[in-house]
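*Asks:* Chains V and X supply the protein sequences, listed in that same order. When we follow this note's numbering, the leftmost residue of the first sequence carries the number 1, and every step to the right adds one. When we follow this note's numbering, the leftmost residue of the second sequence carries the number 1, and every step to the right adds one.
Mixed in with the good hints, there may be bad ones.
Identical copies go unnamed one by one, so any copy, or any two together, can satisfy a pair.
Derived DSSO-like pairs (lysine-lysine); straight-line CA-CA distance at most 30 angstroms [stated by the list, open to error]:
no., residue 1, residue 2
1, K316, K147
2, K359, K312
3, K359, K223
4, K223, K147
What the hints contain is simulated information worked out from the structure, not anything from laboratory work.
2 protein chains.
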Amino acid sequence: MEESDTLKTEIIENFGTPCAVIDLDIVERNIERVQNICEDAAVANRPHIKTHKSPILANMQINAGARGITCQKLGEAQVMADAGITDIIVATNLLGAARSGRLSALQRRLPLKVCADNPVSLTLYAEAAHQADRVLDVLIECDTGQKRAGVETPGEALALARTIQQDPWLDFAGLLFYPPLDGWPETQIFLDEMSTGLAELGLTAGIISTGGTPNFINIGRLKGATEHRAGTCIFNDRMMMQAGVAAIEDCAFNVYSSVVSRGGTDRGILDAGSKTLTTDRGGLDGFGQILEHPNARIDRFSEEHGFLDLAKCNRKPAVGDIVRVIPNHVCVSVNMFDQMIAVRSGQIESVIPVAARGKLV
Amino acid sequence: MEESDTLKTEIIENFGTPCAVIDLDIVERNIERVQNICEDAAVANRPHIKTHKSPILANMQINAGARGITCQKLGEAQVMADAGITDIIVATNLLGAARSGRLSALQRRLPLKVCADNPVSLTLYAEAAHQADRVLDVLIECDTGQKRAGVETPGEALALARTIQQDPWLDFAGLLFYPPLDGWPETQIFLDEMSTGLAELGLTAGIISTGGTPNFINIGRLKGATEHRAGTCIFNDRMMMQAGVAAIEDCAFNVYSSVVSRGGTDRGILDAGSKTLTTDRGGLDGFGQILEHPNARIDRFSEEHGFLDLAKCNRKPAVGDIVRVIPNHVCVSVNMFDQMIAVRSGQIESVIPVAARGKLV
Numbered sequence: 001m002e003e004s005d006t007l008k009t010e011i012i013e014n015f016g017t018p019c020a021v022i023d024l025d026i027v028e029r030n031i032e033r034v035q036n037i038c039e040d041a042a043v044a045n046r047p048h049i050k051t052h053k054s055p056i057l058a059n060m061q062i063n064a065g066a067r068g069i070t071c072q073k074l075g076e077a078q079v080m081a082d083a084g085i086t087d088i089i090v091a092t093n094l095l096g097a098a099r100s101g102r103l104s105a106l107q108r109r110l111p112l113k114v115c116a117d118n119p120v121s122l123t124l125y126a127e128a129a130h131q132a133d134r135v136l137d138v139l140i141e142c143d144t145g146q147k148r149a150g151v152e153t154p155g156e157a158l159a160l161a162r163t164i165q166q167d168p169w170l171d172f173a174g175l176l177f178y179p180p181l182d183g184w185p186e187t188q189i190f191l192d193e194m195s196t197g198l199a200e201l202g203l204t205a206g207i208i209s210t211g212g213t214p215n216f217i218n219i220g221r222l223k224g225a226t227e228h229r230a231g232t233c234i235f236n237d238r239m240m241m242q243a244g245v246a247a248i249e250d251c252a253f254n255v256y257s258s259v260v261s262r263g264g265t266d267r268g269i270l271d272a273g274s275k276t277l278t279t280d281r282g283g284l285d286g287f288g289q290i291l292e293h294p295n296a297r298i299d300r301f302s303e304e305h306g307f308l309d310l311a312k313c314n315r316k317p318a319v320g321d322i323v324r325v326i327p328n329h330v331c332v333s334v335n336m337f338d339q340m341i342a343v344r345s346g347q348i349e350s351v352i353p354v355a356a357r358g359k360l361v
Numbered sequence: 001m002e003e004s005d006t007l008k009t010e011i012i013e014n015f016g017t018p019c020a021v022i023d024l025d026i027v028e029r030n031i032e033r034v035q036n037i038c039e040d041a042a043v044a045n046r047p048h049i050k051t052h053k054s055p056i057l058a059n060m061q062i063n064a065g066a067r068g069i070t071c072q073k074l075g076e077a078q079v080m081a082d083a084g085i086t087d088i089i090v091a092t093n094l095l096g097a098a099r100s101g102r103l104s105a106l107q108r109r110l111p112l113k114v115c116a117d118n119p120v121s122l123t124l125y126a127e128a129a130h131q132a133d134r135v136l137d138v139l140i141e142c143d144t145g146q147k148r149a150g151v152e153t154p155g156e157a158l159a160l161a162r163t164i165q166q167d168p169w170l171d172f173a174g175l176l177f178y179p180p181l182d183g184w185p186e187t188q189i190f191l192d193e194m195s196t197g198l199a200e201l202g203l204t205a206g207i208i209s210t211g212g213t214p215n216f217i218n219i220g221r222l223k224g225a226t227e228h229r230a231g232t233c234i235f236n237d238r239m240m241m242q243a244g245v246a247a248i249e250d251c252a253f254n255v256y257s258s259v260v261s262r263g264g265t266d267r268g269i270l271d272a273g274s275k276t277l278t279t280d281r282g283g284l285d286g287f288g289q290i291l292e293h294p295n296a297r298i299d300r301f302s303e304e305h306g307f308l309d310l311a312k313c314n315r316k317p318a319v320g321d322i323v324r325v326i327p328n329h330v331c332v333s334v335n336m337f338d339q340m341i342a343v344r345s346g347q348i349e350s351v352i353p354v355a356a357r358g359k360l361v
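Chain V with its partners taken away, still in its complex shape (with noise of 0.2 angstroms):
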């Protein structure tokens, strides 16, 4: 038997499946080419944890150079916090979390730094603050051509920044920058706008973050940015294929899957479908790459099952078989797991919780 066979065995004896499994080496050199970029643009590493979930690997990261990390759920900050990580931006603007009191509990017992893009949410933090006894730190995140969260212009950022000045449980923290791939000029400018204008107020951007994976192409770019922070660097998926920033090698997260079913010459089915692997398209043919049978087409879902398309496969695969799939999106597919199995070598190591899973608020 091949390597990969006997651990397919191992997998299927000890977990069954799907399951989720990590190649540990390649979650290293991910992790050190990362850190390495970052070092070279002189920006610090804030890896967003929201791709693994795991305070494990949140550690092995910090461990690596990492200033801290970023979360999008205070639910996910939380468990960061129960294992020893203190330095936590929580990138999003969290109204749930402030009027469910978690973010004051969780304030009281670390300074965390929080972002809002509106007044509604800087009103709910100085509250957050106040319960907690402990002034929160604010960025301003700032949308330069997403089109998703952020204030669109200096002017509304330079109004929220005199807000977060003018309260006594909020301090100025910086600006949470997610430049479009083409966006980075556009983006200077508003920095340079913004910094002028805090200059007049008396305040300085002590964080500048940019983000995302595909982004480390641009990196540096931004003259005053101070971090990035990206998340699927970790483990890689077809995305990031795509979008030319991996290759198939660096992509450590594999779905471990049965085939249970063929009908007919052409069709097969896998025991993993959109609760495993999830609908996620991301603009790519198929639902994930099988690395067996790359000719197999991962065709529709359904919840527990995924319709194969073998039609271009010249070997095709037989009722019992275990394939390992790489999934379009990998932040939504580890999402759907309690545990990823942690293999080194082609040896299963640990078993490494999704701590983080399932945290919504």
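Start from chain V and add chain X according to the hints.
*Replies:* Quick look at chain X alone, frame taken from chain V:
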């Protein structure tokens, strides 16, 4: 304040957003209606619990008259068995659960009914039954047009029935169908031919199961059917409304979400994205229906944000508003939550764990 505003305030102050909320009055009405439909058609009701993944709700269905339950994963059956439910069909080829020893472990505790459409599954089932020292009931899954799992001819089904008959560790328990909406006549032809063949073998199909919520319009049309399994009907969703089998007042499950940002006149952002509502499209326009703003379109998702196109809304939501969203596909959205808040007449009554969430094997 309106009753719904009071409830929204209570929910966000206790649980934050996004959160899953079910209306028990509607749930109970849906359960009763499905039970009545089955009784009127003289078939037993065996609800599919993949939709709610909750033993509490499964027991409500059984108390209303359901014969037993259907699961899609062995891990779901384990959770249900832990809650005292004993009459369980697992409606799929269980390769991963069989090879990892999980099937034999549960079969040792209680006699399961499992499904197969191929000889590999039967071999693994016989081994599991032998290990459990208890004969395993097997239904043969038959495909009459869906092109999902299932043998496509009575001849294949009879060959599997013979294999089951000859194995001392397997008992032939019946046939599992999921007829296409317009494929019930073909299913009758399949079943009649199958019944003749089974009689020649001296076998009887104790269970002849049909499935699907949209198929309630066909229930009773298959002569010989003994039971029906449907999942979505306990909650309903946009797909069921589109299929014409539910109205908006039959939708029991909402995601409560905060409007966390407003970008310009026609853009808004919810704190519910693809990790909450999922990207399941189901042939619908947009990714969910907002009850308070029926003309708002959930246009696209990031993982934790839903991006709203508000161009067609006269009254647009404000930052801080809480809105209720009916998902496109409720079964996959429930699966994103650890718990559902159960309300009745505008009051929080209990918190129901999604106990089998993420049971992938």
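*Asks:* Is the C-alpha distance from K223 to K147 at most 30 angstroms within one copy, between copies, in both cases, or in neither?
*Replies:* Within. Shortest intra-copy distance 22 angstroms satisfies the 30 angstroms Cα cut-off; inter-copy 56 angstroms does not.
*Asks:* Can you tell me if K359 and K312 fall within 30 angstroms by alpha carbon in one copy, between copies, both or neither?
*Replies:* neither (40 angstroms within a copy, 33 angstroms between copies)
*Asks:* At most 30 angstroms between alpha carbons: which applies to K316 and K147, within, between, both or neither?
*Replies:* Close across copies (18 angstroms), not inside one copy (44 angstroms); limit 30 angstroms.
*Asks:* Which holds for K359 with K223 at a C-alpha limit of 30 angstroms: within a copy, between copies, both or neither?
*Replies:* Classified as neither: same-chain Cα gap 35 angstroms, cross-chain 48 angstroms, threshold 30 angstroms.
Comparing the model with each numbered hint stated earlier shows that hints 2, 3 do not hold.
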